[in-house]
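Engineer: In order, the protein sequence lines correspond to chains A and X.
At position 487 of the first sequence (counting the first as 1) the number is 487 in our numbering, and the numbers step up by one without a gap.
So the number in our numbering is just where the residue sits in the second sequence, counting from 1, plus 537.
The hints are simulated quantities; they were obtained by calculation from the structure and are not laboratory data.
Careful: at least some of the hints might be erroneous.
Once the Cα atoms are required to be at most 30 Å apart in a straight line, the calculated DSS-like pairs of lysine-lysine come out as [said to hold, decoys possible]:
no., chain 1, residue 1, chain 2, residue 2
1, A, Lys362, A, Lys227
2, A, Lys362, A, Lys271
3, X, Lys760, A, Lys317
4, A, Lys227, X, Lys592
5, A, Lys142, X, Lys676
6, X, Lys760, A, Lys87
7, A, Lys96, A, Lys537
8, A, Lys423, A, Lys78
9, X, Lys676, A, Lys492
10, X, Lys769, X, Lys592
11, A, Lys492, X, Lys760
12, A, Lys87, X, Lys592
13, X, Lys592, A, Lys78
14, A, Lys482, A, Lys514
15, A, Lys92, X, Lys760
16, X, Lys671, A, Lys78
17, A, Lys423, X, Lys769
18, X, Lys671, A, Lys423
19, A, Lys423, X, Lys592
20, X, Lys769, A, Lys142
21, X, Lys592, A, Lys339
22, A, Lys522, A, Lys271
23, X, Lys769, A, Lys87
24, A, Lys449, A, Lys356
25, A, Lys282, A, Lys492
26, A, Lys449, A, Lys176
27, A, Lys522, A, Lys142
28, X, Lys676, A, Lys112
29, A, Lys271, A, Lys477
30, A, Lys221, A, Lys201
31, A, Lys112, X, Lys592
32, X, Lys769, A, Lys78
33, X, Lys760, A, Lys112
34, A, Lys449, X, Lys760
35, A, Lys92, A, Lys317
36, A, Lys87, X, Lys671
37, X, Lys671, A, Lys142
38, A, Lys290, A, Lys317
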Amino acid sequence: MKKVFFKSALFLLAVILVTVGCSNGKGNNAGSSSPPAVSPEPSAANSADTSVSGDNSKEPSPQKLNQVSLKLLLPGDKPQHYDEVMKVLNEKLTEKIQATLDIQYIPWDSYKDQILVKLAAGEEFDFYYDGWWQNYAQVLTKGGALDISDLFEKNAPDLYNGLTAAYVDTNRYNGKIYGIPVPGPLEYPMAYIYRADIAEKYGYTPDMFKTKEDVQNFAFKVVGEDKSRVGKLNGEFTGNYQALAFLGMQREYVPSNDFNSPGMLLNNEPKVINQFETDYYKSVLTYANKGYNGGLIDKDSLFSKSTVATDANTDAKTIGGIGNPSEGNLGDRTAAISKIEPGARFEQVFLEQGTKMVSSFKAGNFTVLSPSSNNPERVLMFLNLIYADKDIRDTYLYGIEGQDFVAVGDNQFKYPDGLDRTKVFQNEWWMVTPWKNARIPATATDTDKASIAYITDPNNFVKSVIAGFEFNPDAVKSEISKVGAVVTEYRKVLESGAGTSAQLESRYAEFLAKLKKAGVDKIIAEKQRQIDEFLKK
Amino acid sequence: MVEHKSVSYRLFNSINYLFFSVIGIACLVPFLIVLGSSFEAEQNLKEAGFALIPKQFTLYSYETVFQLNSVMQSFLVSVTVTVIGTLSALLVTSLLAYPLSQREMKFRSLILGYVLITMLFSGGLVPWYILITKYLHLKDTLWVLIVPYLVNPFNMFVLKSFFETIPREIVESARIDGAGHFRSFLNIVIPLSTPGLATIGLFYALAYWNDWWLSLNFIESDKLMPVQLLLKKMISNLTYISSQVDTSKFIQVPANGVQMATTIISIGPIFLVYPYIQKYFVKGLTIGSVKG
Chain A
1 MKKVFFKSAL
11 FLLAVILVTV
21 GCSNGKGNNA
31 GSSSPPAVSP
41 EPSAANSADT
51 SVSGDNSKEP
61 SPQKLNQVSL
71 KLLLPGDKPQ
81 HYDEVMKVLN
91 EKLTEKIQAT
101 LDIQYIPWDS
111 YKDQILVKLA
121 AGEEFDFYYD
131 GWWQNYAQVL
141 TKGGALDISD
151 LFEKNAPDLY
161 NGLTAAYVDT
171 NRYNGKIYGI
181 PVPGPLEYPM
191 AYIYRADIAE
201 KYGYTPDMFK
211 TKEDVQNFAF
221 KVVGEDKSRV
231 GKLNGEFTGN
241 YQALAFLGMQ
251 REYVPSNDFN
261 SPGMLLNNEP
271 KVINQFETDY
281 YKSVLTYANK
291 GYNGGLIDKD
301 SLFSKSTVAT
311 DANTDAKTIG
321 GIGNPSEGNL
331 GDRTAAISKI
341 EPGARFEQVF
351 LEQGTKMVSS
361 FKAGNFTVLS
371 PSSNNPERVL
381 MFLNLIYADK
391 DIRDTYLYGI
401 EGQDFVAVGD
411 NQFKYPDGLD
421 RTKVFQNEWW
431 MVTPWKNARI
441 PATATDTDKA
451 SIAYITDPNN
461 FVKSVIAGFE
471 FNPDAVKSEI
481 SKVGAVVTEY
491 RKVLESGAGT
501 SAQLESRYAE
511 FLAKLKKAGV
521 DKIIAEKQRQ
531 IDEFLKK
Chain X
538 MVEHKSVSYR
548 LFNSINYLFF
558 SVIGIACLVP
568 FLIVLGSSFE
578 AEQNLKEAGF
588 ALIPKQFTLY
598 SYETVFQLNS
608 VMQSFLVSVT
618 VTVIGTLSAL
628 LVTSLLAYPL
638 SQREMKFRSL
648 ILGYVLITML
658 FSGGLVPWYI
668 LITKYLHLKD
678 TLWVLIVPYL
688 VNPFNMFVLK
698 SFFETIPREI
708 VESARIDGAG
718 HFRSFLNIVI
728 PLSTPGLATI
738 GLFYALAYWN
748 DWWLSLNFIE
758 SDKLMPVQLL
768 LKKMISNLTY
778 ISSQVDTSKF
788 IQVPANGVQM
798 ATTIISIGPI
808 FLVYPYIQKY
818 FVKGLTIGSV
828 KG
């Protein structure tokens, strides 16, 4: 009896081990990187024509294609009415390219990791969104993007020509086309977005805001007379303080895809500086300190999670803030805030009108095809349709007309009565198609439109001396992570302006000393060395 | 007995009470603020911030949450997974722990070593992912939320040491009366082990209820999304929005009250489990301690 029990226990254990540890022999291509040539669901198609890849794809004609499903991964939350919109969209797509689309939305903060895991596991999906500010660089070095150099022009001719060959070439990596670049704003000159109704009340006109000091004096004046107002934006370093420090100067971060590692170029000269060590940066800390002690900032802001982005449509106390220019949502903000405080109105002024900003003219966002995609040609056809077919693009981006959006003219839209962004379907244009293809809110103000025109017009920008340069962090990896920790620790406190000026002084000195100790000079030197080498070529 | 009423004893006692009351309040207050805010009108939250007692009592947040049909569906998924998961995890874990608690078991130390190794090392995320999606084909099924957590080695060791405290004589006498291994396990050992099983059961129930990691990795269908993942998604997207300095990529944030209501809803059921299990839980905590 005893023996039987232990034998059976052992047997059970063995069975568990086998099922858990071994393949079930269904012949999965977990290790191999080459995708199977045939569609995974040949039975669904007309059986005479299952091999689509190869000769047929040269001249894609709808009749000869077999039905496929394309899977797209995007960060964010599944929009409202997803199922209904997809049904409509898929009918249209089936008609045009015999394909259906299936989107999986992954929460923002796990998106990067999930993409890497799925790529490493060889999971089958067709394409996904990525960008330099996400983990595009990592994906490229790990072979997570399909080389589409030979497929792009052939399968997505409208998109290719629309982007122009020159633009596509600027965004090549190691001479090959991986991601499809999505053109957006070239660079962000700083703008002051403020409550125009309050400004008017105190006798300010837009042309009176020329420097950051003007902005601060305005805030002092308002807060001095009306204690219920908050002078600056709530939240932690809202507005880019590094940009604020070099306001009106040509500035550029050394492209390293690591926002916390110091290294900047000024005046478009190939000389790398540590921006934290400059007088410019120090002056902006004094500026912030003056604002803090002058009562401009909500004292809770150091602990608050809310920022200009989270509170844009709910914060009626703040009178304005310096940051990236608005891209069409000032009208919506005005509408939302005037519900809380009647008469509220938002406008913006550019603080750097006279400066031609430096741009690499490279895209920040990409649509990337997965190496495990079974139907790369079809994905490109889909992207081509999104680019060229207005009807399909509208459905993909804005959902069903009447239910999710109301088209206003050719390039504007508004929400149906009583609805807002949270209650309708919407996908982000900057993940799939150029900005000029997207609609802007019909409520956008004139300054909104001027700003969009400004930041997309190449004539307002000069080409960076190091355009095309990409920093390779391998040599100073440990320094970067150490420096990154110091920067994260100090920036928030320093840039909030909290404390007395003496405290600020000592904290700033401490910050610089810690940066030195963490090896910041080595990073700067390495960046300089790589840039010098790049320029020699 | 007299010395128990001495000044130093009383002083010690009152400091003790004071100290733990403070800690207790510190734990309780944030929770109460969340609870209070979930009943507060949204406009007051914006203007006055979170408060213990709502100025204007409203069920609006809860109505909003329950109007999203995905919440009820997720709730059902979470409950199903927790109930089935806890029961099957208890079964599997005790079936592993019991034989390992018997000294006469062959290869006992070998198997114990094998279980221990899984506590110390793991293959990493990618192999695990490949195993579950490519070999076990569990992706996007209810089972993927249950199977990976069936055996927790730590829980197994706790249960094993609990089984070891049951006097061998009791089991032996059952054997003499003709009971086999299974019968003595089911009829003798299990009833004697309720404190241990309740403790481990609570651990498992908590693990299943609170888990969003499995669903984040393996669940795509909305119908199988547990409530914790909904919460996780909400917070995750919120963090992302907060990290944006510009409003261009602006996405509407769920209202504060709705966030609070979702939090309350997601902790609700598991909160109710504690009072019932607590008496076993205290006993369970003494597992392994020296008994007089």
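Engineer: Give a verdict on every hint.
Structural biologist: Evaluated hints:
Restraint check: the Cα-Cα separation between Lys362(A) and Lys227(A) comes to about 45 Å, which exceeds 30 Å; the hinted pair is violated. At most 30 Å may separate the alpha-carbon atoms for a hinted pair to count; Lys362(A) and Lys271(A) meet this at roughly 21 Å. For a cut-off of 30 Å, the pair hint linking Lys760(X) to Lys317(A) is broken: about 41 Å separates their Cα positions. Simply put, Lys227(A) and Lys592(X) have alpha-carbon atoms about 23 Å apart, close enough for the 30 Å limit, and the pair holds.
For the given pair, Lys142(A) sits about 24 Å from Lys676(X) by alpha-carbon distance, which is consistent with the 30 Å threshold. Taking the CA atoms of Lys760(X) and Lys87(A), the gap is about 18 Å. The hint holds against a cut of 30 Å. In summary, the hint linking Lys96(A) to Lys537(A) is not supported, as the alpha carbons are separated by about 46 Å, beyond the 30 Å threshold. Pair hint Lys423(A) plus Lys78(A) holds up; C-alpha atoms about 12 Å apart against a cutoff of 30 Å.
Pair hint Lys676(X) plus Lys492(A) does not hold up; C-alpha atoms about 41 Å apart against a cutoff of 30 Å. Restraint check: the Cα-Cα separation between Lys769(X) and Lys592(X) comes to about 29 Å, which is no more than 30 Å; the hinted pair holds. Taking the CA atoms of Lys492(A) and Lys760(X), the gap is near 41 Å; set against the 30 Å cutoff, the hint is violated. Proximity of Lys87(A) to Lys592(X) is assessed by CA-CA distance (about 45 Å); at most 30 Å being required, the pair is judged violated.
For the hint pairing Lys592(X) with Lys78(A), the CA-to-CA distance comes to about 34 Å; that exceeds 30 Å, so the pair is violated. Annotation: proposed proximity of Lys482(A) to Lys514(A) holds, straight-line Cα distance about 10 Å (limit 30 Å). Of the supplied pair hints, the one linking Lys92(A) and Lys760(X) holds, its CA atoms being roughly 26 Å apart against a limit of 30 Å. Taken as a hint, the Lys671(X) and Lys78(A) pair is honoured in the structure, with Cα atoms around 26 Å apart against an allowance of 30 Å.
Between Lys423(A) and Lys769(X) the alpha-carbon distance is near 20 Å, which keeps this suggested pair within the 30 Å criterion. In summary, the hint linking Lys671(X) to Lys423(A) is not supported, as the alpha carbons are separated by about 37 Å, beyond the 30 Å threshold. For a cut-off of 30 Å, the pair hint linking Lys423(A) to Lys592(X) stands: about 28 Å separates their Cα positions. Distance check on the hinted pair: Lys769(X) and Lys142(A) sit about 28 Å apart at the alpha-carbon level, within 30 Å; holds.
Taking the CA atoms of Lys592(X) and Lys339(A), the gap is near 21 Å; set against the 30 Å cutoff, the hint holds. Between Lys522(A) and Lys271(A) the alpha-carbon distance is near 15 Å, which keeps this suggested pair within the 30 Å criterion. Taken as a hint, the Lys769(X) and Lys87(A) pair is honoured in the structure, with Cα atoms around 28 Å apart against an allowance of 30 Å. With a C-alpha separation of about 19 Å, the suggested pairing of Lys449(A) with Lys356(A) holds against the 30 Å cut-off.
Of the pairs offered as hints, the one joining Lys282(A) and Lys492(A) holds, with about 14 Å between alpha carbons and a cut-off of 30 Å not exceeded. The hinted pair formed by Lys449(A) and Lys176(A) fails the criterion: a straight-line CA distance of about 35 Å is larger than 30 Å. At most 30 Å may separate the alpha-carbon atoms for a hinted pair to count; Lys522(A) and Lys142(A) meet this at roughly 26 Å. Our distance criterion of 30 Å between C-alpha atoms is met by Lys676(X) and Lys112(A), whose separation comes to about 20 Å.
Of the supplied pair hints, the one linking Lys271(A) and Lys477(A) holds, its CA atoms being roughly 21 Å apart against a limit of 30 Å. For the hint pairing Lys221(A) with Lys201(A), the CA-to-CA distance comes to about 11 Å; that is within 30 Å, so the pair holds. A C-alpha spacing of about 42 Å is found between Lys112(A) and Lys592(X), which places the hinted pair above 30 Å, so the restraint is violated. As the CA atoms of Lys769(X) and Lys78(A) are separated by approximately 14 Å, the hinted pair is consistent with the 30 Å bound.
As the CA atoms of Lys760(X) and Lys112(A) are separated by approximately 24 Å, the hinted pair is consistent with the 30 Å bound. In summary, the hint linking Lys449(A) to Lys760(X) is not supported, as the alpha carbons are separated by about 42 Å, beyond the 30 Å threshold. Taking the CA atoms of Lys92(A) and Lys317(A), the gap is about 46 Å. The hint is violated against a cut of 30 Å. Restraint check for Lys87(A) and Lys671(X): the C-alpha separation of about 29 Å stays at or below 30 Å, so the hint holds.
Between Lys671(X) and Lys142(A) the CA atoms are separated by roughly 21 Å; this keeps the pair inside 30 Å, and the hint holds. Under the criterion of a C-alpha separation no larger than 30 Å, the hint pairing Lys290(A) with Lys317(A) is consistent with the structure, at around 20 Å.
Taken one by one, the earlier hints fail for this structure at numbers 1, 3, 7, 9, 11, 12, 13, 18, 26, 31, 34 and 35, listed in ascending order.
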